[in-house]
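Enquirer: Letter by letter, the chains look like this.
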Amino acid sequence: MLAGKHKWIFDGCGVINEEVTRPVSPCPAMDVAGPMLLQLTNFSARYGSIQALDGINLALDSPALGLLGPNGAGKSTLIRSLLGLVPASGEARLEGHDIRAEGRHIRELVGYMPEHEAWLGGMTVVHFLRLMGELCGLPPRAAMERAHEVLFYVGLGEIRYRPLNGLSYGLHQKVRLAQALVHGPRVLILDEPTSGLDPAAREEMLSLINDMVARGAGKVIISTHILRDVETCCKDVVVLKRGKIVAAGNIDQMRHTAENSFELRIKGDQERFVAALSELGCECRLGRRDVLEIITPNGLRPRVIHEAALRLGVQIRHFYARRDSLEDIFLKVLEDEPNGATDQPVTVTNAEPI
Amino acid sequence: MAVYDLSYQTYTGPRRGPVHRWLAIARFAWVEMLSRRVFAILFTLAWLQFIVRLALIYVLNTPLLKSMGFEALIGPLNEAISIDAAFFKSMIDWQLPFCFMFVFILGAGAISRDLAHNAIILYIVKPIGRYEYLLGKFATLFLLLLALSWLQTMALYFAQVLLAPETSAWRTEFWSQYFWLIFPITLYSVLLSASLSLLVLAFSSTARSGRYAGIAFLIYLIGAHTVIALLAELIGAIGPIQAHDWFGLSPLAIGYALGDWLFSQQAEVRPAAAWFGLALHWLVAGAILKWRLDGAARQGN
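Chains as they are written, first to last, in this note's numbering: chain A, 1 to 354; chain B, 1 to 301.
Okay, chain B solo, but in the shape it has when bound (with noise of 0.2 Å):
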């Protein structure tokens, strides 16, 4: 029978660096993320509609319903769906619902959880620093909310890439007038995870419980867009500023005029106005993420 030495053994192994630690918070939470059957659920769910447009993408590039003996339905289909900076801007607004849904219900208690359990300190104290674990946790929402956002969206694209016909314009014209289209599709991406995970961030930095931080973000969403829309109704242009202008102040407003900009779509608000309300936004998410975070670690929970 094998006897196991129980006392305490120093470790001497290797260690890694930085990036592998706050990582594992990520790792961590996604794991514990997909144990639980409802989140498996509707992360399966959130692939849907990429299986829907992939598709499309298919049939509409393929002589697949010709072969079939569909050859009635190509024409009004080709009518109807229009593979273009349109279909990918709406594939990525059709994916915010899900990405919601997740920020909801994994980004509200990200923070608010170890505040209730006093695990801050916890993860501090480790070499990895709060600005390390800060960036753990926003991994763990920016890299979920892009493989359903940009991951899929660009899956999307290469599919039309590939499965474009010699003759149509997607092969003639491709760099003139379909190459652009990645930088809008990452951008608009980028920008709504990384805005959505922040904020729900510092939501989550502010309560002890993530129902509590999630509710209160959504009032937020919903509260600031109603209330900026009473103030423009009211106040209306003043000097440079015009009435639409107040809206770079709604979150909403402005992930949805970026994205108009982005994808060269006419938009009600002001690009200038949206930078400046989605800077205004991060920052003040930044400070109130600082400030919790300093709070937690000087009271030492």
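This is chain A alone, in the form it adopts within the complex (with noise of 0.2 Å):
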């Protein structure tokens, strides 16, 4: 679990996260205060008249951080605008470097894998990497054995000498992971990774992005509308809609908010027991399955609700502290803002998540 401090550990070879379990490598490690993956301030960007970003403040730090929003919310547009590929006002550094002043130098860093299929024609799998790893610096010779490489990590070793027009989504999914792998980036920007693909295909492609964070092999932002992609690879998440921020920070950190709330199956006298609970000032929602959902107010303890069924002989068959999935998360923050964010500025770092 990543609650508190992430702290990060420069093992000589590359960053790796302290709560990594499977360090990777021997070398002596070391504490290092490395650059923050986002910091944005007032950052827009419009397409004509349609305000797709709209003044983000925004300071993260992460090994994985997921970027969630409806269709339109301005995931894709954001991360375009950090590739200078949209125009964009404001302020705006990844991994410390200015995006506009050091436009080449961070997409020398940067691994991106487009949301759409993306290939060039006449050519095989293998070949396609060495000029994608090519046009990132690497010199003929090692551009080859990266290709190769990464292709066996991806899993597509086996078919490295076909031809791109010949392969399957799934396959294109994985070349367009591998292209953006080819040059060894620090930080990997997927857009959709997993639309598309089937539930066996989507699990190898989520356990490679896994692998990718627990090796610390670089930093790993996500852009989805599938919940549950985040919830597998993401320690953080910003949550955007309509070109604003409406929640960011530590996944785990935003289930605590609801350690107030409790799900029950009881036997007995329902309307009593909810007419008891209600008295002491709990919301009480009979939900699917009878599942009783009861939010306590603050201060009082759950042991009244054990109380409460005692003294009515109501029978407990079911009892735990609710956590909120992501989706409840994403749900709840969507309606708490029907028409966007405040302009608060809003501050992810490593020491202090939201």
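Mixed in with the good hints there might be a few duds.
[What the hints assert, rightly or not] What follows is a list of derived Cβ distance ranges for each label pair:
#1 A:E91 x B:F179: 55 to 61 Å
#2 A:H148 x B:P18: 42 to 48 Å
#3 B:W291 x A:G96: 31 to 37 Å
#4 A:E91 x B:W180: 55 to 61 Å
#5 B:P18 x A:E91: 21 to 27 Å
#6 A:P140 x B:I81: 43 to 49 Å
#7 B:P18 x A:R46: 26 to 32 Å
#8 B:G223 x A:D98: 57 to 63 Å
#9 B:M101 x A:S49: 41 to 47 Å
#10 B:L231 x A:G96: 56 to 62 Å
#11 B:I219 x A:Y161: 38 to 44 Å
[Said to hold, decoys possible] Covered stretches of chain B, as calculated for chain A (at least 3 residues, CB under 8 Å):
#12 9–16
#13 73–82
#14 124–130
#15 223–235
Since the hints were made in silico from the structure, they are not lab data.
Glycine included, C-beta positions come from ideal geometry on N, C-alpha and C.
Starting from two chains that each stand alone, build the complex the way the hints lay out.
Expert: Next comes the structure, spelled out in structure tokens:
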């Protein structure tokens, strides 16, 4: 679990997170304060009359960040702006580098996997990757070696001499991931990495991303509207809506906001039990499958629920403290902010995640 | 048995400079081109004229025919073929059909194929930028066309310089009569290669199919010339604009007019009109390419 501080360890070969349980390098570890993943100040982008990003303020560092939001929220625009593809105003830094002054350097640091199918006709998989490597400045021989290595890593070793135009969608998705990795980026940006994949391919893709994060090979930003992907791979999340940030923070800490919420199944007089809890100031709601959802007021301990049940002769069959899923958090922040977020700056740092 | 570590490894090796990066685009395109039989055959055929002309230069400058007993041929050959400015201009002009073929086959699909496969985004998120992407595509065609026009013509020029007999005008009056030919040969080849490359790339960027882009380019070349010929006929001269100046808007006429002017030959279209037309074509082609690439970047494909 990632709660409280995220601390970085530099192992001499790459940055790894201290909470990774499988250190991959035998190098002696030492503490280093790395640059922030994202720093945005009044960051805006427009497409004609449409304000795609509206004055975003954010300071955030994370080994794996999920960008969430409904369609049209501005996730892809944010990524494209960071890569210098879409003109934007305001200030933005990625890994400490100014996106305007150091655009080329940023694109050297970043591996980007686009959302849509993208490939070059008339090439084999390995030659395509070699070209992508050479475009990033790798010498031809090194680019070829990297192409082979990365293809084996993503599980395409057996098909590396096949032409790109004969591959299935799932394989293309992996090729897109491979081309993002071929130059050894420090930040990997994945735009909808699992959309359109079957469950097996999806699991495979997520496990690859998780492996990258776990090995500390680089930081990962995943833009998606599939919440489970973010839940599986990411430590932190930024939720966007209509070009504004509606929530940002550590996923586990966001879940803790639901610590006074409980779910019960009871046997006995439900009406009297609910009435008794309501008198104590609890909010009660009957959920699906006769599950009673109870939110206790702040300061009221869960013990009072048991006492009320004992007093009324109600048998509690099932009782647990409810933890919000990412879906709950997502839906809640979208409901809370029907017209977008406040303009307050959001800061999520290693030291103090919100 | 060796055990290979298939886990993810970061790359920490050396990186090359920007020129190597965008030149990789051209290199991969040439390798792909030469791997196809039709291109390889076409490329070989494109050197035939050079070989024939080289043989002519050799025959006209050496006593080969005499030694082989074909003395009777020397006189008519010398009368029919004179190695001068027109010889080198016609070399470039006769290479143009091959240049056009490569432009249609290789150039028309250069960007449209990337558009069809949403591949532009893959290039421009790499540390090369969209203009270097264009430069890579441009270099693919431009250098190929230069090889077919400038390289071959210059090779003939130097062959003539080397093989000309001591008593010939090529030796006695070289600096006053023939040295200057280097400049028109170079300029004419560069202008033709650059213009053809830029125009076909602009057409290629407007369609997702290389075939349609090629057909549209062909229609433009022929259609523009036909329309302008009609226009010149109908409108004629207006003020300082002469009737022939309208041809400054036709890409075909521009090429020939500039060639004639550079090689000091009589041209129907005035050089100013041709230069204006050329600049206009380059500007419009550049604007189209910028618009299309910016759009592709914004849309993420």
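Enquirer: If a hint holds in the structure, say so; if it does not, say that too.
Expert: Evaluation of the provided hints:
1. A:E91 x B:F179: 55 to 61 Å: Holds - the Cβ-Cβ distance for E91 (chain A) and F179 (chain B), about 58 Å, lies within 55 to 61 Å.
2. A:H148 x B:P18: 42 to 48 Å: violated (25 Å)
3. B:W291 x A:G96: 31 to 37 Å: holds (34 Å)
4. A:E91 x B:W180: 55 to 61 Å: Given range 55 to 61 Å: holds, Cβ gap about 56 Å.
5. B:P18 x A:E91: 21 to 27 Å: Taking Cβ atoms as reference, P18 (chain B) and E91 (chain A) lie about 26 Å apart, which means the hint holds.
6. A:P140 x B:I81: 43 to 49 Å: Once the Cβ atoms are compared, 45 Å apart, the range 43 to 49 Å for I81 (chain B) and P140 (chain A) holds.
7. B:P18 x A:R46: 26 to 32 Å: holds (30 Å)
8. B:G223 x A:D98: 57 to 63 Å: Violated: the Cβ-Cβ distance is about 48 Å, outside 57 to 63 Å.
9. B:M101 x A:S49: 41 to 47 Å: holds (46 Å)
10. B:L231 x A:G96: 56 to 62 Å: holds (59 Å)
11. B:I219 x A:Y161: 38 to 44 Å: holds (39 Å)
12. 9–16: Answer holds; 8 residues pass the 8 Å Cβ test.
13. 73–82: Result for this restraint: violated, n = 0.
14. 124–130: Check passed, 6 qualifying residues.
15. 223–235: Result for this restraint: violated, n = 0.
Violated hints, listed in ascending order, are 2, 8, 13 and 15; each of the other numbered hints is respected by the structure.
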